[in-house]
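Trainee: Okay, here's what each chain looks like letter by letter:
2 protein chains.
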Amino acid sequence: MSEGYTVAIVGATGAVGQKIIEKLVERSFPFRNLKLLASKNSAGKQVEVNGFLYTIEEATPEAFQGVDVAFFSAGGSISKELAKEASSRGAIVIDNTSAFRMDKDVPLVVPEVNKHALHEQKGIIANPNCSTIQMVCALEPIKQHYGLTKVIVSTYQAVSGAGVAAINELTAQSTNMKEKNPNPHILPVKSSEKHYPIAGNVIPQIDIFGEDGFTFEEHKMMNETKKIMSMPELSIAATCVRVPVVTGHSESVYLEVDRENVSVDELKELLSNSAGITVQDKPEQQQYPMPYFVEDKDEVFVGRIRKDPSNSKGFHMWIVSDNLLKGAALNSIQIAEALIEEGILKEV
Amino acid sequence: MSEGYTVAIVGATGAVGQKIIEKLVERSFPFRNLKLLASKNSAGKQVEVNGFLYTIEEATPEAFQGVDVAFFSAGGSISKELAKEASSRGAIVIDNTSAFRMDKDVPLVVPEVNKHALHEQKGIIANPNCSTIQMVCALEPIKQHYGLTKVIVSTYQAVSGAGVAAINELTAQSTNMKEKNPNPHILPVKSSEKHYPIAGNVIPQIDIFGEDGFTFEEHKMMNETKKIMSMPELSIAATCVRVPVVTGHSESVYLEVDRENVSVDELKELLSNSAGITVQDKPEQQQYPMPYFVEDKDEVFVGRIRKDPSNSKGFHMWIVSDNLLKGAALNSIQIAEALIEEGILKEV
Chain A
1 MSEGYTVAIV GATGAVGQKI IEKLVERSFP FRNLKLLASK NSAGKQVEVN
51 GFLYTIEEAT PEAFQGVDVA FFSAGGSISK ELAKEASSRG AIVIDNTSAF
101 RMDKDVPLVV PEVNKHALHE QKGIIANPNC STIQMVCALE PIKQHYGLTK
151 VIVSTYQAVS GAGVAAINEL TAQSTNMKEK NPNPHILPVK SSEKHYPIAG
201 NVIPQIDIFG EDGFTFEEHK MMNETKKIMS MPELSIAATC VRVPVVTGHS
251 ESVYLEVDRE NVSVDELKEL LSNSAGITVQ DKPEQQQYPM PYFVEDKDEV
301 FVGRIRKDPS NSKGFHMWIV SDNLLKGAAL NSIQIAEALI EEGILKEV
Chain B
1 MSEGYTVAIV GATGAVGQKI IEKLVERSFP FRNLKLLASK NSAGKQVEVN
51 GFLYTIEEAT PEAFQGVDVA FFSAGGSISK ELAKEASSRG AIVIDNTSAF
101 RMDKDVPLVV PEVNKHALHE QKGIIANPNC STIQMVCALE PIKQHYGLTK
151 VIVSTYQAVS GAGVAAINEL TAQSTNMKEK NPNPHILPVK SSEKHYPIAG
201 NVIPQIDIFG EDGFTFEEHK MMNETKKIMS MPELSIAATC VRVPVVTGHS
251 ESVYLEVDRE NVSVDELKEL LSNSAGITVQ DKPEQQQYPM PYFVEDKDEV
301 FVGRIRKDPS NSKGFHMWIV SDNLLKGAAL NSIQIAEALI EEGILKEV
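Line order of the protein sequences matches chains A and B. Quick note on numbering: my numbering labels position 262 of the first sequence as 262, and the sequence is numbered without any gaps. Quick note on numbering: my numbering labels position 194 of the second sequence as 194, and the sequence is numbered without any gaps.
Careful: at least some of the hints might be erroneous.
Where chains are identical, the list cannot tell them apart; a pair therefore holds if satisfied intra-copy or between any two copies.
Said to hold, decoys possible - Calculated cross-link-like contacts (lysine-lysine; reagent style DSS-like; alpha-carbon spacing at most 30 Å): (1) K150 x K122; (2) K23 x K45; (3) K282 x K190; (4) K282 x K307.
Calculated directly from the structure, the hints in this document are not laboratory data. A quick note: this is a predicted structure, and the numbers were derived from the prediction, not measured.
Bound conformation, chain A alone:
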């Protein structure tokens, strides 16, 4: 380990931070040193990574001295406080929060879609929202080949997107589905006034509401998709719903292409040959993606591809992926890998 990069992980004890560490090792990311950063409370704890012991340090501005790449996944306020501290010390920040995603000076990147945008980076690169990433992976090849004019998506999002406390809340409530006083205190939004049970329920609120009646999660899906795909005029609308699933976001997507006579078979063929996508679409064998089976898998799974019965340019599909991997940790590391490939992160 004498060669390679010094990598910092901010939020190393969180659900996504843990997955980032796992994936760095699994993908043999060329790191020489790891700096595991977290809140003061976690500082001093020891963590074993690939046979080496690392001590968690407090995330302070000085901690980024000598860091080449810093992965941030400790919430938007920590990113706002420390990301610029890190980049001013020479680190390239890959931020997994929503803090900078819509900042025009910050590229918002899914490598399969817009790796080229990395060349515009000024020290901070944003990792998109989990539900956005898996959708644009499937939409981009369609746009490239057939054009894309309209997207309507309804999501079925797992609780792990709301953190470990939300997973614990679902698990605890599930052990007694008939309990009529489940005492929820995390979902839908921890800091909001009202909380609702998630076991035996679905909640049509993720993040807080904007004045237009859409939630911020829905805004993220709509605005981030336009930015990543460089389609500011795309007609897109989202309805985001939390479901009692631990890991794996599902999406029911309607889209319209810009060409007549595209067949379902062509779409299947196209997506089968697209980076990061696995088509699971054999209805006659009851084969389609489901969140229960995507946990710990890297790919974006697509199935139930159908032609709209009324609009010859309309199609429906069902997209599922592990929201902690392609939706977060994996995509962040793929951004770092792309920075090396593109020569932006210099060889050391």
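With the hints as your guide, set chain B onto chain A.
Mentor: Coordinates of chain B only, in the frame set by chain A:
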């Protein structure tokens, strides 16, 4: 109880049959006698209804002698076998299965929408699919006032729609969400080859697949909506998904009206004043419908009404209702009540 109708309930021991009995009593439906019919296995059992003991009889053709109204909810094959036997003996059949719904001689009725169709009945009236009923209740007033040109719906359907065995399967699997061998044998379709877990999962299959890649449940939603609303040319597409919820179907609906300048407030006002609908739509107070809170409630709940960001005639909404009540038992009894109001079922 010397006056009133002789009412038969076929499938009296099932989930919907039980709800029909409850609702007949609760709504003081004018019955003089109840005939509780079921399979040979259940015959002879005694059931108390409103202080009277009834003995369950085997559902045979002869059992319908003297019956005025017969509610069928024992599966399509029983309806195909016995509905015409019942109607030939003078009963009006209200069938809760899909056996006759698309039969051109059988009215398919949601009283709030097309009560007038009851006058075309020839002895059998069909109760629509649960997910269809709650949607058309919300769509009909919109169509009446603003026109309706397009509907795209993604559903979040409860397991009770698949019967008591499916509820038991969800409950058993939920007690140990981490169990990786849940041994499913009911969902998504009992008679199909493959079964998948429902706890911690969502399954994008309800009923079997057609050759166009849509499931029969999706066909039902599309075809029944056109028939009930008398809109054979309506552009409508459905994606039907089973979620780990016991009771209460939810629907994310996109629709386009046929008039410019319709506001969200107008839609809220219209739906608030429509029969059978309760608007729950105060995002600033985190108020929106959820399946957890609709169990045992008669109404169709509508919320999250939003204008599409790109299409000035497009709207999104979220519709939730108890699939065993308005989606099944309640609607069946409302059909019987409408038959009396309309003078089709003669006063006795």
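Trainee: Now look at each hint and say whether the structure bears it out.
Mentor: Evaluated hints:
1. K150 x K122: neither (32 Å within a copy, 45 Å between copies)
2. K23 x K45: For K23 and K45, the Cα distance is within 30 Å only inside one copy (21 Å; across copies 61 Å).
3. K282 x K190: Cα proximity of K282 and K190: across copies only (19 Å, versus 40 Å in one copy).
4. K282 x K307: within (15 Å within a copy, 36 Å between copies)
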